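Trainee: Using the hints provided, position chain Y relative to the given structure of chain B.
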Amino acid sequence: MSALNIKEMIGKKRTLTQGHRMCPGCGAPTAIRQAFMGIDYPVVVVSATGCMEVSTTVYPYSAWNVPFMHIAFENAAAGISGVEAAYRVLRKKGKIDKEIKFVAFGGDGGTYDIGLQSLSGALERGHDFTYICYNNQGYMNTGAQRSSATPLGANATTSPAGSRSSGKLQRAKDLTEIAAAHNIPYVAQTSLHNPFDVMKKVKRAVETPGPAFVNILTPCPLFWKIDTSEQANICKLAVNSKFWPVYEVIDGKYYLSYEPKPPAAIEEFLRAQGRYSHLFKKGAERFDLVADAQRDADENWEKLLAKCMR
Amino acid sequence: MSDKKKIMTSGNLAFAEAMRQIDPDVVAAYPITPSTEIPMKFAEFAANGKVTSEYIAVESEHSAISACVGASVAGARVMTASSANGVALMHEIFPIAASFRAPIVFGLVNRSLGAPVNIHCDHSDSMPERDSGWIQIYCEDAQEVYDTVLLSVRLAEDSRVLTPVFVCQDGFITSHCYEPLELLSDETVKKFVGERKALYPLLDTDNPVSYGSFTMSEYYFEIKRSQMEGMNNVLPVYAELAAELEKETGRYYPPIESYRADDADYIILIMSSASGVVKDVVDELREDGIKAGALRVRFFRPFPRKELAALAKGKRGAAVLDRSASIGGTSPLAAEVRSALYSLEEHVPVQEYIFGLGGRDFYAEDAHSVFDDLIKGRYTETPRFIGLLEKDDKNERA
Chain B
1 MSALNIKEMI
11 GKKRTLTQGH
21 RMCPGCGAPT
31 AIRQAFMGID
41 YPVVVVSATG
51 CMEVSTTVYP
61 YSAWNVPFMH
71 IAFENAAAGI
81 SGVEAAYRVL
91 RKKGKIDKEI
101 KFVAFGGDGG
111 TYDIGLQSLS
121 GALERGHDFT
131 YICYNNQGYM
141 NTGAQRSSAT
151 PLGANATTSP
161 AGSRSSGKLQ
171 RAKDLTEIAA
181 AHNIPYVAQT
191 SLHNPFDVMK
201 KVKRAVETPG
211 PAFVNILTPC
221 PLFWKIDTSE
231 QANICKLAVN
241 SKFWPVYEVI
251 DGKYYLSYEP
261 KPPAAIEEFL
271 RAQGRYSHLF
281 KKGAERFDLV
291 ADAQRDADEN
301 WEKLLAKCMR
Chain Y
1 MSDKKKIMTS
11 GNLAFAEAMR
21 QIDPDVVAAY
31 PITPSTEIPM
41 KFAEFAANGK
51 VTSEYIAVES
61 EHSAISACVG
71 ASVAGARVMT
81 ASSANGVALM
91 HEIFPIAASF
101 RAPIVFGLVN
111 RSLGAPVNIH
121 CDHSDSMPER
131 DSGWIQIYCE
141 DAQEVYDTVL
151 LSVRLAEDSR
161 VLTPVFVCQD
171 GFITSHCYEP
181 LELLSDETVK
191 KFVGERKALY
201 PLLDTDNPVS
211 YGSFTMSEYY
221 FEIKRSQMEG
231 MNNVLPVYAE
241 LAAELEKETG
251 RYYPPIESYR
261 ADDADYIILI
271 MSSASGVVKD
281 VVDELREDGI
291 KAGALRVRFF
301 RPFPRKELAA
311 LAKGKRGAAV
321 LDRSASIGGT
331 SPLAAEVRSA
341 LYSLEEHVPV
351 QEYIFGLGGR
361 DFYAEDAHSV
371 FDDLIKGRYT
381 ETPRFIGLLE
391 KDDKNERA
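Protein sequences appear in the order of chains B and Y. Going by the numbering used here, the first sequence opens with residue 1, and the numbers climb by one from there. Going by the numbering used here, the second sequence opens with residue 1, and the numbers climb by one from there.
Okay, chain B solo, but in the shape it has when bound (with noise of 0.2 Å):
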C-alpha cells in the first residue's frame, strides 16, 4: 500500500461534485469527500436509499463523477455483489480490462436495520468491495427517526423524550463488531474530524482484497442538534469520550486507533448535543441515563482494549 500524499489528494478530481442538495453541516458529503481521496482507482458506487442518495442524484442531474447506482433500501450490498461478479466474468472474458474498485454506502438505517441481511450475505460470500457505513445514528431521511444505532438516551421521533420516556431506553448495536465477526479482512471505525484517519482506512479497506466494512460516525445537525459549525467539534469529542472509539480489525487482529489522555466525561459529549437535552432539564435531570452512558463506554472500551491485547 502506497503512503498518503496531502498534495496528490488535494488535486484529486472530485467524485462528488458541487451542487448536491445535502443539508450545510452535514457530514455525509465530508464522508464521501474524505473516503475517496483515500482512493486511487476507477470506483462504481452502490448507494442505499437514504438522505445522500436522494440529495446527491436528483434527476436530471447526478452530482457522481462515477458509474453510481441505488436500487432499494436494503440492499445496497446484494446490488454491489451483483455488479463484482458481473465486473469479475466480464474481465475474466476480456471484455474489461482495467482494475476497477467497487464501494457500497448506507446510512445506518440501511446498513444497521433494514439492510444488515444483504450485508452480512454480502460479507460472507467474500466478494472485493468496501461497504462504508455513514453513520448518523437515525433515519435523517425520514425525519430524525430512531434505529438500532441511535443510542441509549438520544430524543428521536420514534422515542421521543416525553413526560414519561426519556428518548430511546436501549443501547446501540455495535454493528463494527458484526462486521468483524464475518472473518473478512478488514474492518474499521473512523470520525470525520480526523481526515487522514478516514482516508487511511478506506484506502485500506479498498486495496485490501475480499469484503471490507467501514463505520464513519456521521453528524446530522438537525438531529443531534449541534451548530453546522460544530461537525468537526463534535466528532473528536465522541472520540475522546470513548463514545465512538475508532480502530481497525486487519485479518481479525485489533489495533486502537487512538487512546484519549486523558478521555473527556461522556457527560460533555451528551451536553454538546439538543438530542439529549432532556436529560439535563432543570428538575428532571436523568443523571442515571447519564451514568448508564458512561458506564456502556466504559466496558465497551474495555472489551476493545483486551481485543487489542492492551
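No lab work stands behind these hints, which were simulated from the structure alone. Some hints here could point you the wrong way.
Here are a few chain B residues that face chain Y, going by a calculated C-beta distance under 7 Å [unchecked claim]: (1) PHE68; (2) ILE71; (3) ARG88; (4) ILE226.
With a cut-off of at most 25 Å between alpha-carbon atoms, the simulated DSS-like pairs for lysine-lysine come out as follows [to be verified]: (5) B/LYS92 with Y/LYS306; (6) Y/LYS376 with B/LYS93; (7) B/LYS92 with Y/LYS191; (8) B/LYS95 with Y/LYS190; (9) Y/LYS50 with B/LYS93; (10) Y/LYS224 with B/LYS95; (11) B/LYS12 with B/LYS173; (12) B/LYS95 with Y/LYS50; (13) B/LYS92 with Y/LYS5; (14) B/LYS93 with Y/LYS279; (15) B/LYS92 with Y/LYS50; (16) B/LYS92 with Y/LYS394; (17) Y/LYS4 with B/LYS95; (18) Y/LYS41 with B/LYS98; (19) B/LYS225 with B/LYS236; (20) B/LYS203 with B/LYS236; (21) Y/LYS306 with B/LYS93; (22) Y/LYS197 with B/LYS93.
The structure presented is a predicted model; accordingly, all values stated were derived computationally and were not measured. Just so you know, even glycine gets a beta-carbon here, dropped at the ideal spot from N, CA and C.
Mentor: Relative to chain B, chain Y alone:
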C-alpha cells in the same frame, strides 16, 4: 445431418439446460420449491466448468434479484429462477429492474402463495407481478420452456424492448414431469443468442452514469411512459425472433395459441399446462360434431388484446379458466379477456371459472362440464369453481 438431440427431461432441467447453452455471465439465485432444481443444476454446471458464469449463492430471494439487477446494469447477461413466496419477497425489486431496463431472464416456476403453505401449482405468485413492468410468458410444456428461454434472452435484450422477462411454467406439473425434448446444439444456441451489448453499463467508468435517481413529479411520468414503449414493441419484435428460431427448431409459438378455434362456436381460454387436457376434450367434442376450440394465452404481459379479439370474434360462448383469484375482483385472465372482447361489436358471452388453486387437479371431465355450460348457456355473474369441495362433498380428489 441434424445437430439436434432428443432427451427425456423436465421443465426445470430444460430451463437449466438452456442456461448451460446460453452461458449467462451472472446467475444469482436462492432455493425454493419447485424452482430449486434450476439453480442447483446450474451450480453443478458452474462447479464442473460447463459454463463460464459467476454463480452467486445469495442469502435470500430479495438479494438474488438485487444482485441480478446490479449485474445486469453492470452490463452482464443475467438469469435467475424462483417461485411463490420467493417471488413475493422479490416484489419490491421487480419494478426497479424493469425501470432500469435490466434485461434479466427469470424462470418463474408457478406455485401457490401461502397461507396456507402449499407447494403445488397455481398462478397466484406470478399474477401479482403483472403490473411490475416485466414481460410474462406462460409455457405449456418443457419443450416450450426450453424454446422460450432462448427467445427471451434475445427479446429482453433487444434495444427496442429492453425489458426483463418471466418465463413461467407450472410447478411440478411441468417443472418435474419428464417428457421428450429436442435440444439444439450448443453452437446453434450460442449463435442464436449471441452476446449482450449493454447500452449504458455501470462498469464503463470512462462514461459514468447514475441509475436509480431520485425523480419527482417533473420526470417520473415520462420514464414510465418510455417503459410502456418498450413493452409496446414486444410482440412485433417477438414475431421476428420467433420466426428466426423457427428456422432452427421447426416450432413456432404465437402469443396466443389457437387450437381448432378458427371455426369453433365455443371456446375455452386457459394458460399453461392445463391446456393439454382442454385440447384433448376439444378433439373428443369435435368427433361428436360439437364445434369446440381452445385459446391458450402465452403472453400475459404484454397482453395480446388485438390478437385475442380477432381470435374470439363471433364465438357463441367463451369460458375463461383462471388458475389464480383476485379476491374481491375479477380473476386476472378473465379481466383481460373481458376487457379485450369489449371492443367487439358483436358481444361474446364470457363465463369465468377458477380452477386448480394449490395444485387441485384439473380433469378431462372438468373441461367437458365447462363446454357443457357454454352449450347450454349456463352463465353466472360470479365465477364458478372447478373441482371445489362443497359442503358434505366427499373429497374424491384428495
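Trainee: Given the hint that Y/LYS50 pairs with B/LYS93, test it: the Cα-Cα distance must not exceed 25 Å.
Mentor: holds, 15 Å
Trainee: Given the hint that Y/LYS376 pairs with B/LYS93, test it: the Cα-Cα distance must not exceed 25 Å.
Mentor: Violated. Y/LYS376 to B/LYS93 sits at ~64 Å, over the 25 Å cutoff.
Trainee: Quick one, are B/LYS92 and Y/LYS5 close enough, alpha carbons at most 25 Å?
Mentor: Roughly 31 Å between the alpha carbons, so the hint for B/LYS92 and Y/LYS5 is violated.
Trainee: Holds or violated: B/LYS92 with Y/LYS394, Cα cutoff 25 Å?
Mentor: violated, 62 Å
Trainee: Under the criterion that the straight-line Cα-Cα distance not exceed 25 Å, is the pair B/LYS225, B/LYS236 satisfied?
Mentor: Status holds; Cα separation ~16 Å.
Trainee: Closer than 7 Å between Cβ atoms is the bar; does B/ILE226 clear it against chain Y? Give me holds or violated.
Mentor: Not OK, violated: B/ILE226 not within 7 Å of chain Y, min 26 Å.
Trainee: Taken at face value, is the distance from the CA of B/LYS95 to the CA of Y/LYS4 at most 25 Å?
Mentor: Distance ~31 Å between Y/LYS4 and B/LYS95 Cα, so the pair is violated.
Trainee: Hey, Y/LYS306 versus B/LYS93, does the alpha-carbon distance stay inside 25 Å?
Mentor: Distance of about 44 Å is beyond 25 Å: violated.
Trainee: CA of Y/LYS224 to CA of B/LYS95, is that 25 Å or under?
Mentor: The hint is violated at about 32 Å.
Trainee: So if I understand the rule, the pair passes when the alpha-carbon distance is 25 Å or less; does B/LYS95 with Y/LYS50 pass?
Mentor: The given pair, whose Cα atoms are some 20 Å apart, holds under the 25 Å limit.
Trainee: Would you mind confirming whether the straight-line C-alpha gap from B/LYS203 to B/LYS236 stays at or under 25 Å?
Mentor: Holds - the C-alpha atoms of B/LYS236 and B/LYS203 are around 21 Å apart, at most 25 Å.
Trainee: Are the Cα atoms of B/LYS92 and Y/LYS191 separated by 25 Å or less?
Mentor: OK: B/LYS92 and Y/LYS191 at ~21 Å, within 25 Å.
In this structure, the hints that do not hold are numbers 4, 5, 6, 10, 11, 13, 14, 16, 17, 18 and 21, in rising order.
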